[in-house]
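K.L.:
Chains A and B are the protein sequences, given in the same order. For the first sequence, the residue numbers in our numbering are 1 to 264. For the second sequence, the residue numbers in our numbering are 1 to 265.
Just so you know, these hints were derived from the structure itself, not from any lab. Please note: incorrect hints may appear among the correct ones.
Under the rule of at most 27 Å between Cα atoms (straight-line distance), these lysine-lysine pairs were calculated in the BS3-like manner [unchecked claim]:
(1) K121/A - K227/A
(2) K121/A - K39/A
(3) K121/A - K231/B
(4) K215/A - K227/A
(5) K90/A - K121/A
(6) K25/A - K215/A
(7) K231/B - K227/A
(8) K225/A - K215/A
(9) K25/A - K231/B
Spelled out from the first residue to the last, the chains are:
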Amino acid sequence: MARTQKPKDGLKIELRGVSKAFGSKQVLNGVDLTVPVGKSLVVIGGSGTGKSVMLKCILGILTPDSGQIFIDGEETTRASGRERERLMQKFGMLFQGSALFDSLPVWENVAFGLIQGRGMKRSEARDIALDTLAQVGLSADVARLTPAELSGGMQKRVGLARAIASHPEIIFFDEPTTGLDPIMADVINELIVERVRELGATTISITHDMASARKIADVVAMIYKGKIIWEGPVSEIDRSGNAYVEQFINGRAEGPIQMDVLKP
Amino acid sequence: MTGAAGGMQLNLLAVIGRFALGFLAETGRLTRFTARAVLACVQPPFFFRNLLQQAMVIGYYSLPVVGLTAVFTGAVLALQIYIGGSRFNAESIVPTIVVLGITRELGPVLAGLMVAGRVSSAIAAELGTMRVTEQIDALTTLSTNPFKYLIAPRLIAAVVMLPLLVLVADVIGVMGGFLVSTETLGFGAGSYLTNTLDFMEADDVTSGLWKAAVFGFIIALMGCYHGYFSKGGAQGVGSATTHAVVSSAILILAANYLLTSLIFS
């Protein structure tokens, strides 16, 4: 990589050759990925293929060993401190386990980014939090509860409310439907689609739930062994012509992807 | 034979090497963590709400534990010194030794160890759980620096509250000695108090308070460090808690010796 080219216009996020290893385990092995402004990318792939690590590299929670990450054309691979905090204002994230702060009531969770990140007055942030909770179908009664008093589906919706409360330009969804029943999973998918469309946000979601991927994706990319092996519009996913993708979306044990399972 | 022996020697070297590398890596990680934590204490933004909350948890809620420790320690100190003193007709030394022992040594060390058990473990468990449930990552995505939001308030609260706790422990400890001496050892209340105050110097108390501030730093730092880097679910949080208590207790005892021998002797 002798010269750094400027990323192309209209790209919100760009990854070039991002690699990350933990000890001797190479988790990301040269990931190249682009997300245009306002598009929804869904990254599919099995467990342990590096999906979460990729998101954490973009967020700066992990630093890649090599490669570059651009956000709005600005290189952010090694941004830290104040610069990272400023950058984070563009982001919202829904975590796999919701990651709600159990020491704070629901409304303060939702208002957290506004109060702590942006220095908004508590009363003002509270009003916005209540509005946002209503948008994900939760009443003001819920706002006073603590996260531990909520069901899994409600926690996910609070997590979604927290991710969108500060109107981020970019939202990440980490396994948004994992652990939910199929109906609640669809409710979450619909909420994600509606809210994201309303905000005009650019999103990356990682999932192994194909129903969810079909519902929320504009573009689908498949990650395998730390590399993007296929990328295309969601409408083409059933005729990808890629044996790996076909095996994954049809959920077959036989195929080119071999699980590390000892046969009895 | 020589091959096998050579193999064993190499194995031994590998073990020593791995141990040394692990130790150096840990030391480096702790040093970097400490630097970031201290920097977070002096750079805005400051989270006063969290600071007050931690001051309550670390200081106010530790009062019963520290008070009970102090009263029994002062009481037993009076009994033991009375036994020792009576061997050469020096029973009257009890009030002086009790106040010196409590303020210079036992107040700060025992309060430090008790608070280490109570607070260091709680901090490690809380931060550890926040780590494994991705709450610490969530802070970052909400433009909030976890060092400033979580760690700085705990460090500052512990450094400020520990000396206050020790001050309380000093008073209660002397009172424990006073009660035993006047009730069972036949001391007069007035003369006991006069003897306590006459031979006490301001330095006895302040040196103990400085120690307490250092112990407070150790307690919060160890709790935060082990919690922040914990991984692997419930078991990881459990071992982080254990490590926090053990390492802060040992560091308190080591720091106590160093401080006493270098500065306060």
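K.L.:
Compare the structure with each hint and give your call.
P.N.:
How the hints compare with the structure:
no.	hint	result
1	K121/A - K227/A	violated, 44 Å
2	K121/A - K39/A	violated, 33 Å
3	K121/A - K231/B	violated, 35 Å
4	K215/A - K227/A	holds, 24 Å
5	K90/A - K121/A	holds, 20 Å
6	K25/A - K215/A	violated, 33 Å
7	K231/B - K227/A	holds, 26 Å
8	K225/A - K215/A	holds, 25 Å
9	K25/A - K231/B	holds, 17 Å
Going down the numbered hints, you'll see the structure goes against 1, 2, 3, 6, while the others check out.
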